[in-house]
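Engineer: What follows is the residue order along each chain.
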Amino acid sequence: MTTTAQPTPTTKPPKTQDLATLTIKPPPFAYAHLTATTTSPDPDETSMSLDPLDALQVRAYCNSALRQFLGDTGAAIPVDILSVQASDVWVRVPRTDLSGFSASLTAYSGLAQGGGTTTVLRLRACGDWLGSLLGRVEQQELWAS
Amino acid sequence: MVRLKDRYLLVNIVYTDVQPGQAKGPVSDLMLYNQPTTGELRPQHLLKAIRSEVNALFGDCGSGAVDRSLQVKYLSQATSTFILRISRDHYRLVWAALSFMHKLPFKDGRPCVYRVVRVSGTIRKVEEEAVRRAKLFILAAKEEMAGKPSSGALDALLRGKDQGRGLAMVVDQDVDDLEDDDLEMEVGG
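Top to bottom, those sequences are chains A and B.
Taken in order, the first sequence gives residues 46 to 190; the numbers are from this note's numbering.
Taken in order, the second sequence gives residues 37 to 225; the numbers are from this note's numbering.
I should point out that these hints are in silico values taken from the structure, not numbers from a laboratory.
Keep in mind that the hints are not guaranteed to be accurate.
Said to hold, decoys possible - Here's a subset of chain A near chain B, in silico, CB distances under 7 angstroms, partners left out:
no., residue
1, G116
2, D117
3, T118
4, G119
Stated by the list, open to error - Counterexamples of contact, computed for chain B against chain A with all Cβ distances above 12 angstroms:
no., residue
5, D53
6, S64
7, K84
8, E89
9, A92
10, S123
11, A132
12, G145
13, K171
14, A177
All residues carry an ideal CB built from backbone N, CA and C; glycine is no exception.
Just need the whole structure built from these sequences, with the hints factored in.
Structural biologist: Structure, rendered in structure tokens:
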């Protein structure tokens with residue numbers, strides 16, 4: 046006669062297990078990729094070449110764009126210039142201010158330089174993750190060149 | 037038909053360039069701070085001042101949001117009180133602009149403080165509140181002249197409905213339907 050079976054354990058090992066959990070919090074900053082173009086009043090002469098862009102020029106441009114569109118609260122948005130290369134600019138703003146920042150840059154009509162030319166900073170891409178913005182640029186260059 | 041919702045702000049002008057006890061004759065200190073305004077203040081001056089302040093603080097975006105629906109509904113120079121109408125979504129911009137204004141909107145205007153004492157969704161409640169405050173003000177001034185150290189009317193004037201938190205301004209919730217984004221704001225005085 047078989048002995049009575051041991052009482053089966055009430056807790057069975059669960060069929061699914063969490064191996065690892067990761068919480069993605071909203072990132073504190075948002076990033077933007079800007080390109081500088083120069084337009085001149087003479088339509089034949091619209092050229093993309095311009096003097097290499099300076100971080101100070103970018104700072105002044107963003108300041109006047111934000112101040113015109115959003116006033117003092119716009120000028121108080123902390124904009125960090127991450128990198129300036131020839132005519133490409135990478136910029137960082139607090140995430141909640143990204144919509145105001147991009148609207149300001151889009152609405153701004155450009156800084157007038159001497160001789161009737163205006164410099165315009167065009168917003169090429171913006172988002173919460175810097176890696177995806179960089180990847181997008183690389184991807185476009187892959188097919189363009 | 038989409039209903040356009042508004043907020044009505046009841047604002048007091050409090051004068052800051054008076055020293056207590058300096059008045060000629062028996063005038064209570066409360067009356068010194070809440071003096072009548074000079075006869076030149078017009079609604080257009082106030083509107084222009086508020087609009088330029090909103091433009092300075094919030095730029096083109098803010099002034100575009102506020103310009104359409106900003107209106108001075110009532111201005112009383114005797115009591116230095118006015119009622120503003122502003123759209124519900126942007127009344128905080130106007131409130132912030134009022135906080136930054138520091139003098140009457142003339143050249144070399146007197147220094148003063150614009151104090152928002154009531155926000156409501158309907159103008160009727162704001163009018164009732166203005167009347168109530170005027171009555172309490174008279175009572176408080178009389179009690180102060182009579183020499184009472186702590187005046188019940190003054191407390192009621194400064195503290196508003198809710199004694200516990202010591203706030204002097206209440207946001208009304210007497211709107212027709214209660215929206216989720218309405219805050220029950222009690223501002224300290």
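Engineer: Holds or violated: is the Cβ of B/E89 farther than 12 angstroms from all Cβ atoms of chain A?
Structural biologist: Non-interface label fails for B/E89: nearest chain A Cβ at 10 angstroms, not farther than 12 angstroms.
Engineer: Per the stated criterion, does the least C-beta distance between B/S123 and chain A lie above 12 angstroms, as a non-interface residue requires?
Structural biologist: holds, 18 angstroms
Engineer: Is the interface hint satisfied for A/T118? The criterion is a beta-carbon contact with chain B at less than 7 angstroms.
Structural biologist: holds, 6 angstroms
Engineer: Could you check if A/G116 really has its C-beta closer than 7 angstroms to a C-beta on chain B?
Structural biologist: OK, holds: A/G116 within 7 angstroms of chain B, min 3 angstroms.
Engineer: In terms of Cβ atoms, is chain A entirely out of 12 angstroms range of B/K84?
Structural biologist: With a cut-off of 12 angstroms, B/K84 remains clear of chain A, as the shortest Cβ separation is near 17 angstroms.
Engineer: Taking the minimum C-beta separation from B/D53 to chain A, is that value above 12 angstroms?
Structural biologist: holds, 26 angstroms
Engineer: Closest CB-CB distance from B/A177 to chain A, is it above 12 angstroms?
Structural biologist: Correct as stated: the minimum Cβ-Cβ distance to chain A is 38 angstroms, above 12 angstroms.
Engineer: Taking the closest pair, is the beta carbon of B/G145 still more than 12 angstroms from chain A?
Structural biologist: It holds; B/G145 is separated from chain A by about 21 angstroms at its closest Cβ, greater than 12 angstroms.
Engineer: Any Cβ of chain A at or closer than 12 angstroms to B/A92, or is the non-interface label fine?
Structural biologist: Per Cβ check, B/A92 is inside 12 angstroms of chain A; nearest 6 angstroms; violated.
Engineer: Min Cβ distance, A/D117 to chain B: is it shorter than 7 angstroms?
Structural biologist: Status holds, d = 5 angstroms.
Engineer: Beyond 12 angstroms on every Cβ pair: is that true for B/A132 relative to chain A?
Structural biologist: Its Cβ does come within 12 angstroms of chain A, the nearest being 9 angstroms, so this is violated.
Engineer: B/S64: least C-beta distance to chain A exceeds 12 angstroms?
Structural biologist: Holds, since 38 angstroms exceeds 12 angstroms.
In this structure, the hints that do not hold are numbers 8, 9 and 11, in rising order.
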